[in-house]
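Let the sequences and hints guide you as you build the complete structure.
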Amino acid sequence: MPSARRGLSFYLLAAFFGLFVLFLYGPTVTILVLSFQGPEGGLTFPMNGVSLHWFRNLFQQQAVGDFGGSFRRSLALGLVVMVLTVLFSLLAGFAFRRRFVGSNALFYLTVASLIVPSILVSLGIGLLFNILGLEPTWYGSAMGAHLTWTLPFGLLIVFAIFNRFNPAYEEAARDLGATPWQTVRHVVLPILLPSLIGVGMSGFTLSYDEFARTLMTAGSFNTLPLEIYGMTTNVTTPVLYALGSLTTVFSFTIIGVVLMTLAGLRRRRLGRTGGAA
Amino acid sequence: MTTGPGAGTTVELVKLTKAYGATVAVNAIDLRIAAGSYCCLLGPSGCGKTSTLRMIAGHEDVSTGDLLIGDRVVNDEPPAARGTAMMFQSYALFPHLDCVDNVAFSLKMKGVPVEERRRKAREMLDLVDMGKYAARLPAQLSGGQQQRVALARALITRPGVLLLDEPLSALDPFLRDRMREELKRLHRELGITFIHVTHSQTEAMALADLVVVMNQGRIEQAGPPRELFNRPHTAFVARFIGGHNVIRSADGLRAVRADRVQLGGGDLRTDGTVRALEYHGTSVHLSLDVAGADDFAVIVDEARFYDAPLAIGAPVQIGWNHADAHPLAS
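For the protein sequence lines, the chains are A and B, in the order given.
Note that this note's numbering gives residue 122 to position 122 of the first sequence, counting from 1, and the numbers run on in steps of one.
Position in the second sequence (from 1) plus 277 gives the number in this note's numbering.
Just so you know, not all the hints are guaranteed correct.
Label pairs and their calculated CB-CB ranges [as the list claims (entries may be wrong)]: (1) A/Pro-167 / B/Glu-400: 41 to 51 Å; (2) A/Ile-131 / B/Asn-352: 56 to 66 Å; (3) B/Arg-495 / A/Ala-160: 36 to 46 Å.
No farther apart than 20 Å at their CA atoms in a straight line, the calculated lysine to aspartate or glutamate pairs in the EDC-like style are these [said to hold, decoys possible]: (4) B/Lys-387 / A/Glu-170; (5) B/Lys-387 / A/Glu-171; (6) B/Lys-385 / A/Glu-171; (7) B/Lys-385 / A/Glu-170; (8) B/Lys-409 / B/Glu-459; (9) B/Lys-292 / B/Asp-353; (10) B/Lys-409 / B/Glu-443; (11) B/Lys-461 / B/Glu-443; (12) B/Lys-461 / B/Asp-486; (13) B/Lys-409 / B/Glu-393; (14) B/Lys-292 / B/Asp-348; (15) B/Lys-387 / B/Glu-400.
Source of the hints: derived by calculation from the structure; they are not laboratory data.
Since the model is a prediction, treat every value here as computed from it, not as a measurement.
Note that beta-carbon positions come from the ideal geometry of N, C-alpha and C, so glycine has one too.
What follows is the structure, given as structure tokens:
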């Protein structure tokens, strides 16, 4: 009833939703605004002038914190975790499509890792490395810890993807003489590609901002979330906000690039018709 | 396996059975489908017709019994080695490929060079009248167009047997009639064996040389459509193909065609009351309440009906000749 008078419930729900959005984005916007604080300004309002001073400051040598190094580590770690997550969740998804002995038990064992508190997983892996006399590193133990988080998620998403996937496509391919490998290569993977990009994205973002699972496993070099946390206790200038703004922009850029890639894929598929539709 | 026009293949089922655990979907059926014939597997959902088709296609394993295509037992052959091609119910066109590449898919799998396979695919698209949509993606086509592309994709493998799983059920009624004609034309031109699964008796009557009525995993009756309509073996067949009344008499069950029932005439007579009537243009369809029959249908020529029209609730005497009462197996 678009033309009818809106009831009280509409305004109450709209107000509730407004509050929710404010709660969701308010803090981010506050940090974004404060990162343009003037050179003499502090960590809180009021703004003491407007400048890019703290962004410049970010790229200069810091007394505490290694922003560039930790960013590069987080990026590399996120990318590796992303690739491994896509690869292994997809393979596991294929395996789980056939019922095999113990598949249920294996599934619950995998997903249980989502229920165990992150900090305990982190602590456990850290301890294990310690007992085995291995050096915990961000690219070794921390990567393992991240995978305990991203793989179950990836697997759940792949389950949902295969649920919507019509097995008639595979039968049609088989009917037309495709071998199992040709079916995967020429039919299954191209159809699933957009969804797999989604799995990769979730893997990357889960790893990129993971704090608890990295805390006890990163070894002597920090990832970005650990570094930012460390800086909050040591840094007392708005350079912290500049860092926050920059990483947020980075995250949005990644999301934008992925969405554009997906749109580009779709357009390339439709493009060959020359707009005939 | 490479067959040209006029080269259909026989299909023979010998005690063919499909069991899913304790459930028997297809129960030891025997059937011989002659080369180049148009066979319809007809029945209600769950009767085993689709399982039978999928076993012939090779997308379902045979539990016991034998499946012969041509003179070879093909129980364990992969689908592509059987000389069959299947058109799926939802067409299953690959959404990421345009029409040409969809149709050329089987040639690509065989390693045919890109130019040659696209040329052949375009020829096949022309055959089904889809040449001008060659560059479109499946999502940009209507249901009827998608079906033509799916046909072309199946036919490019030069099958001896074309398998069609409810090919017309996704189309609107107008398009369904057009595609029905189209299927019949293709069958005539290609000369290959068609096996078509449907739950519509109209479709089966209109298309098939051989109608196979299935029920609960068994074949109730197989024969040419005229034979089925005029001499149904069982009450199930008589009811399923429609246009028949099943009557319990002292000698057992009898089937009488609704258009052979006479108002106020015939050797055998009984009384009824008019419950409903429908005008169908060339004829009038009456539903009567008659003792000894669940639902009694009479089809009367419209001119004759309006010579002495009846109203709802009117008592009526009906009758039929001995020759029109056809005995049924119980």
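Tested hints:
| no. | hint | verdict |
| --- | --- | --- |
| 1 | A/Pro-167 / B/Glu-400: 41 to 51 Å | violated (30 Å) |
| 2 | A/Ile-131 / B/Asn-352: 56 to 66 Å | holds (57 Å) |
| 3 | B/Arg-495 / A/Ala-160: 36 to 46 Å | holds (40 Å) |
| 4 | B/Lys-387 / A/Glu-170 | holds (17 Å) |
| 5 | B/Lys-387 / A/Glu-171 | holds (17 Å) |
| 6 | B/Lys-385 / A/Glu-171 | holds (16 Å) |
| 7 | B/Lys-385 / A/Glu-170 | holds (16 Å) |
| 8 | B/Lys-409 / B/Glu-459 | holds (18 Å) |
| 9 | B/Lys-292 / B/Asp-353 | holds (16 Å) |
| 10 | B/Lys-409 / B/Glu-443 | violated (26 Å) |
| 11 | B/Lys-461 / B/Glu-443 | holds (15 Å) |
| 12 | B/Lys-461 / B/Asp-486 | holds (11 Å) |
| 13 | B/Lys-409 / B/Glu-393 | holds (19 Å) |
| 14 | B/Lys-292 / B/Asp-348 | holds (16 Å) |
| 15 | B/Lys-387 / B/Glu-400 | holds (18 Å) |
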